Amino acid sequence: MTITLYHGEPNGPSLTVLAALFEKGADAALERIDLAAGERHGARVPHAMEVDHSIEGEGPILVVDGIPMADSVFLACYLDDVGPGPALRPREPYDRWRMMTWCRYIVERVAPAAAYLGVAANPPARVPQGVASVDLAERWSDAVEGKIDDARRADSRDKIAQAVERIERELSDGRDWLIDAFSIADLESYAWLAGMTELVPEAFADRSRTVAWLARVKARPAVARALTMATSAAPERIWAPGPEINRWG
Amino acid sequence: MAETPSVTLYHWEPNANSGKPMLTLFEKGVAFDSHYLDLLNFDQHKPDYLAINPLGTIPAMTHGDLVLTESTAIMEYVDEAFPGPRLMPDSPVDSWRVRWWMKFMDQWLAPSFSMIGWSVFVGPSVRSRDPAELDAAIERIPLPERRIAWRKAISGAFSAEEMAESQRRVAVGIGLLEQALGQRKWLASDSYSLADINGFNLAYALPLSQPHLSNDELTPNIMRWLRAIYARPATRSCWALGRTDMARRVTILEGEPA
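Protein sequences appear in the order of chains H and A.
To convert, note that position 133 of the first sequence is 133 in the working numbering; the numbers rise steadily by one, no gaps.
Every number in the working numbering is 1000 more than the matching position in the second sequence, counting from 1.
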């Protein structure tokens, strides 16, 4: 089995997958690509329908025996299946359901908000050539042109605040991690929220359990190792267009 | 001997999100109590059901004392918690592909289908009722985003641009399904999986609802796939729980290829 991970700066979905890879000790070649420059759409990276139409937007690509795969939570599930390290998902079906519904919430509600605020604060320079997905191409144009809608910005800030409130509630029984033992839910939540402490600081004020949880995730050797791979001083400020904001509201 | 915890599924028609756990339970051979909720009568926002699922979303499943929501996550739970045929492939790459397709359908393709479906079916079905009564029913919906969606459906407030974008996505999605089903027998792997169950619930009525995009000439692989799923005993049992013309659309799959 030959695995190559094409990843961007350790932030958002690239951080999830890099950290999952290191947590599991899976053997993989690492290839850095500039997601914010749209390198995922160029010739350096293997293409497949599942990458071109991934609704995660600009995330990492894991290539296994020539098969390009996308979507960070599911890539982490894959690495959990094949890597020798400790499990990143609970064993019991009900707890696995808790983890998958949590990740769905992050992916569907929190990630679009974080990516929207992230590219608004740090817009990419130009729209890359060859974006196959029409709606992703539109998010690129909006980001580059700075077309930011005030209502969407406000709603995105609310979404971040709501996510922090949920985490605070989850941890209120004194747990260290979101789903009992450390899991993909912690990685995915941290990866999208780490950059929000600077952009939506009020959401984290007086949220001591969440702030302590962020520090615990950051201190894990696998996360720390992923962060050392940054090529910029503040990887949490590097964003590229992410998932779309739900069209139904 | 300890009593086996019982399973109750709260669902609407065998269609979209309700049909996903229904068909999974039938495929696994899990006995369950079926609790039908009439979505168009707002049964899902009444106190009896909110006591089970305070969010007022359909479906929900109880297994003993456990309460589960979110149809795709329920499907994975059913597959893992009960004996019966495995509905996730053995290969980790194929399992990834099952999840990829379910996400693509749940979060990109299905919302476009449902925007079209709500504007032509759900909205008109409830629009003729007393406005004050409808307004009160909508105010009882717990999730703000669902209140917005119901108001849009009832008032027919989807813009022409939104509808055109949904129609564009339906056409793209049909093309990608046809392409994938041209590569292998089932959607995500060589064995029948949760991705097929999910996809069937989204696509079973395609030859009726999108006849210009999906038919035996244009999409032979989609048609082959839909007929193969419809032929399964579990599918027949599941669709027998339908009570409306919506579920009866499935009989279009009884025809042979043209």
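None of these hints come from the bench; they were simulated from the model.
None of these values were measured; they are calculated from a predicted model.
Glycine included, every Cβ here is placed at the ideal spot set by N, Cα and C.
Fair warning: there could be bad hints in the mix.
Said to hold, decoys possible - Label pairs and their computed distance ranges (CB to CB):
hint : chain 1 : residue 1 : chain 2 : residue 2 : range
1    : A       : ASP1048   : H       : ALA87     : 31 to 41 Å
2    : A       : ASP1245   : H       : ARG126    : 50 to 60 Å
3    : A       : PRO1211   : H       : ARG169    : 22 to 32 Å
4    : A       : HIS1212   : H       : GLU198    : 46 to 56 Å
**Message:** Need the list of violated hint numbers for this structure, in ascending order.
**Reply:** Hint check: 3 fails alone, others pass.
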